[in-house]
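Novice: Chains as they are written, first to last, in numbering that gives the first Met the number 0: chain A, 0 to 342; chain B, 0 to 196.
Please note that the accuracy of each hint is not assured.
[Said to hold, decoys possible] Listed next, the in silico BS3-like pairs over lysine-lysine satisfying Cα-Cα at most 30 Å (straight line): (1) B:Lys1 to A:Lys178; (2) A:Lys29 to B:Lys141; (3) A:Lys223 to B:Lys141; (4) A:Lys266 to B:Lys7; (5) A:Lys265 to B:Lys118; (6) B:Lys141 to A:Lys33; (7) B:Lys1 to A:Lys143; (8) A:Lys29 to B:Lys71; (9) A:Lys29 to B:Lys7; (10) B:Lys85 to A:Lys298; (11) A:Lys124 to B:Lys118; (12) B:Lys1 to A:Lys33.
[Claimed, not checked] A few chain B residues that face chain A, going by a derived Cβ cut-off under 7 Å, partial list only: (13) Cys2; (14) Gln3; (15) Leu89; (16) Ala92; (17) Pro104; (18) His115; (19) Leu136; (20) Ser138; (21) Met140; (22) Ala143; (23) Thr145; (24) Ser160; (25) Ile162.
Derived from the structure by calculation, the hints contain no laboratory data. Beta carbons: idealized from backbone N, C-alpha and C, even for Gly.
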Amino acid sequence: MRGHGPESDIVMSSRIRLARNLAEFPFIRKCTPKDRTAVATAVHRALDSLPLSADTEYVDVAKLGDLDRQFLMERQLISHELNESQGARAVILDPKERFSIMVNEEDHLRLQVMQSGLDLESAWKRMDQLDDQLESKLTYAFTKRLGYLTACPTNVGTGLRVSVMLHLPALVTTKQIDKVFRALNKINVAVRGLFGEGSQFMGDFYQISNQTTLGKSELGLVAKVQEVVPRLIEYERRARDFLVSESRQDLHDNVSRALGILCTAKKISSEETMHYLSKVRMGVNLGLIEDVKIPTVNKLFIHTQPAHLQKLCGRKLSVTDRNIERANYLQLHLIKRSENEKN
Amino acid sequence: MKCQHCEKPATFHITELTEPSGPTVMHLCEEHARTFLSTDGTATPASALASLLAKQLKMEKVAEDLAISDKKTCPICGISFADFRKGGRLGCAYDYVAFEDELEPLLVNIHGALAHTGKVPTNQSGSPERQHRLMQLKSEMKEAITKEDYETASRLRDKISNIESDDESSWTDDALEEDLDDEDEEDDTFQAEPPIV
Ligand SMILES: [Zn+2]
Ligand SMILES: [Zn+2]
Chain A
0 MRGHGPESDI VMSSRIRLAR NLAEFPFIRK CTPKDRTAVA TAVHRALDSL
50 PLSADTEYVD VAKLGDLDRQ FLMERQLISH ELNESQGARA VILDPKERFS
100 IMVNEEDHLR LQVMQSGLDL ESAWKRMDQL DDQLESKLTY AFTKRLGYLT
150 ACPTNVGTGL RVSVMLHLPA LVTTKQIDKV FRALNKINVA VRGLFGEGSQ
200 FMGDFYQISN QTTLGKSELG LVAKVQEVVP RLIEYERRAR DFLVSESRQD
250 LHDNVSRALG ILCTAKKISS EETMHYLSKV RMGVNLGLIE DVKIPTVNKL
300 FIHTQPAHLQ KLCGRKLSVT DRNIERANYL QLHLIKRSEN EKN
Chain B
0 MKCQHCEKPA TFHITELTEP SGPTVMHLCE EHARTFLSTD GTATPASALA
50 SLLAKQLKME KVAEDLAISD KKTCPICGIS FADFRKGGRL GCAYDYVAFE
100 DELEPLLVNI HGALAHTGKV PTNQSGSPER QHRLMQLKSE MKEAITKEDY
150 ETASRLRDKI SNIESDDESS WTDDALEEDL DDEDEEDDTF QAEPPIV
C-alpha cells in the first residue's frame, strides 16, 4: 500500500473479497486431484478468453518454491491456506496488485480487490465488474434463495467480505480502544486487533469487517463497514489531538526514540520493527517526525517481512541473519532519505 | 509465555474481539501469528464453527435426533452431516439441499437471515438441484445402456440435453422463497460514546 488515498493517515487499506464456486465440481474438501486440475483449467481457460487476461499473470502456485509462496503471502496476494495446501492451485495477479484471484483455496475462487486508503465503493465497483466478467464464462453454484453457495456456511449468500485496516495508535494510548470496539460489536462488525509485546503503548492495527454475508445486499454490507469507519477516524483524530495538546513532550520523546532504535539497531526482529514503525508512523502523521514520509514507513512494514528480505538479498537467510539484514535495510532507508532530501 | 501452537516464545498477542463465544486472546509466535493473520477477517475458524454447531444442536435436539442428523449423507458428494460438523466445511453445493433442516438454524444463528438479497448471476443454471437432476439422469442412462435398453437410454439422453440447453428450467424448486428478512430487525446505529477528550 502506497500511503495515499482518502484518510490514509489512519486507514491503511480497503479490501473486498468474494467467494465463488463452480457448479459442476464438488467443493474443495471433496475434490479429487483430477477435479482440482479441472477447476484450475476451467478458470484459466475462462480468463484467457477475457479482455482482462492481457494484463494479468496466471501463476501456478503448486510449482512455486517456498520463498516465492511466502513472498506472495506477505503481500497478501495469496492466503495462508493457498500457500500451505497441496495439489493444483493458482493465483491470477494484476501487475499493479489492484486485484488477485485465488483458485482452489477454501472455495474454487476467491476474488479480492485491494485499495489504498478508504474507498470501499469504488473497490466494490471494480469487484462487481471483475466478477461479472468471470461469470460470463463460468457457471457459479447459486440458488435464488441462498445466493452464492460456499464451502463454509459463514460465507454463503453474497460471499462478500469487506475489510478496512486501520492504524489507531492514539486510541490505544489513551486507553479508549476497548470501549470503542465494545460498541462496534453490537452492530455485527468484526474487529481484529494486533498487539505486540507489553501491549499498552502499542496496539496499532485493527481490521474492521462485516460479520454476516447473507440477508443484505453487497452495497448494504459495504455501507455497514463504510459507516463505522469515519467514526473511528474521528475518534482517533480527537485522541491524537488530545495527546498532542496534553503530553506533546512525552509523545515526541517516545516517537523519536522509536526512530532512533530503527536507525541504529544492529539486529532487529520483525515484531520489534512493527512496534517501532507503528510509533514512527504516528509521529510522522502528527508532524513530530519531519524527515520521514508515510509511503516510506508503509513500504518498510512490507519489505522488512521475512520473505521480502530474503528476496531482496537473493538468498535464504537464517533468523539471525534476517535480523541483521532487517536492521541494515531499515538504516539504509531511514537514514538515506534524509541525505536524499538534503540534496 | 509460549506460543499456543509451538514451543517458541509468544511475541504476538492477538485479540479476536468478535468471536461468537466472546473476545478471545491468542498468544502466538511470529510465524503462527502471520499464519493466523493471513486468513481473512472473520472467516470463522473451523473449530469455532464446530463449537457453535455443537452448542446449538445440543440446545435444540435430543441425542437421538442428533444421531439421526449425523447419519444423513449427501447423495452427490457422500459426506455425512457428522463429517461436516467435524470439519466445518461442506462437500458440495447440494449439501445445502441435503442438510437443509440442519443448516437452517445454523444460518439463522450466523447471519440472522435466511434469504439472499444480493447479486444474482446472469447465468443462473448453476443450481445444485439441477446438478443433482443431471447426475441422476446420467446414472440412469448408464444403467439403461448396461442393460442394453437403448430406447430408455435415448429418451434419457434427450432429457439430459433438454436440461443442459435450458438455462432457466431449474428455478421451479426455488419458487418457495421464504421471506424471513424483517428489514428492521436490528438497529444499526453506532452507539459508542465519543472518547472523553
Ligand atoms: Zn508458534
Ligand atoms: Zn454433497
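Novice: Indicate, hint by hint, whether the structure satisfies it.
Specialist: Structure-based check of each hint:
1. B:Lys1 to A:Lys178: 29 Å, holds
2. A:Lys29 to B:Lys141: With Cα atoms ~23 Å apart, lysine 29 (chain A) and lysine 141 (chain B) stay inside 30 Å; holds.
3. A:Lys223 to B:Lys141: Given pair lysine 223 (chain A), lysine 141 (chain B) is violated - Cα atoms ~51 Å apart, limit 30 Å.
4. A:Lys266 to B:Lys7: 19 Å, holds
5. A:Lys265 to B:Lys118: Violated, because 53 Å separates the two Cα atoms, which is more than 30 Å.
6. B:Lys141 to A:Lys33: 22 Å, holds
7. B:Lys1 to A:Lys143: Distance ~48 Å between lysine 1 (chain B) and lysine 143 (chain A) Cα, so the pair is violated.
8. A:Lys29 to B:Lys71: 17 Å, holds
9. A:Lys29 to B:Lys7: With a Cα-Cα distance of about 35 Å, the restraint between lysine 29 (chain A) and lysine 7 (chain B) is violated, given a limit of 30 Å.
10. B:Lys85 to A:Lys298: 41 Å, violated
11. A:Lys124 to B:Lys118: 13 Å, holds
12. B:Lys1 to A:Lys33: Violated, because 41 Å separates the two Cα atoms, which is more than 30 Å.
13. Cys2: 12 Å, violated
14. Gln3: 15 Å, violated
15. Leu89: 6 Å, holds
16. Ala92: Hint holds; alanine 92 (chain B) Cβ to chain A Cβ min 4 Å, cut 7 Å.
17. Pro104: 11 Å, violated
18. His115: 3 Å, holds
19. Leu136: 15 Å, violated
20. Ser138: 16 Å, violated
21. Met140: 17 Å, violated
22. Ala143: Since the shortest Cβ distance to chain A is 23 Å, the answer is violated.
23. Thr145: 23 Å, violated
24. Ser160: 16 Å, violated
25. Ile162: 13 Å, violated
Going through the hint list in order, the structure does not satisfy hints 3, 5, 7, 9, 10, 12, 13, 14, 17, 19, 20, 21, 22, 23, 24, 25.
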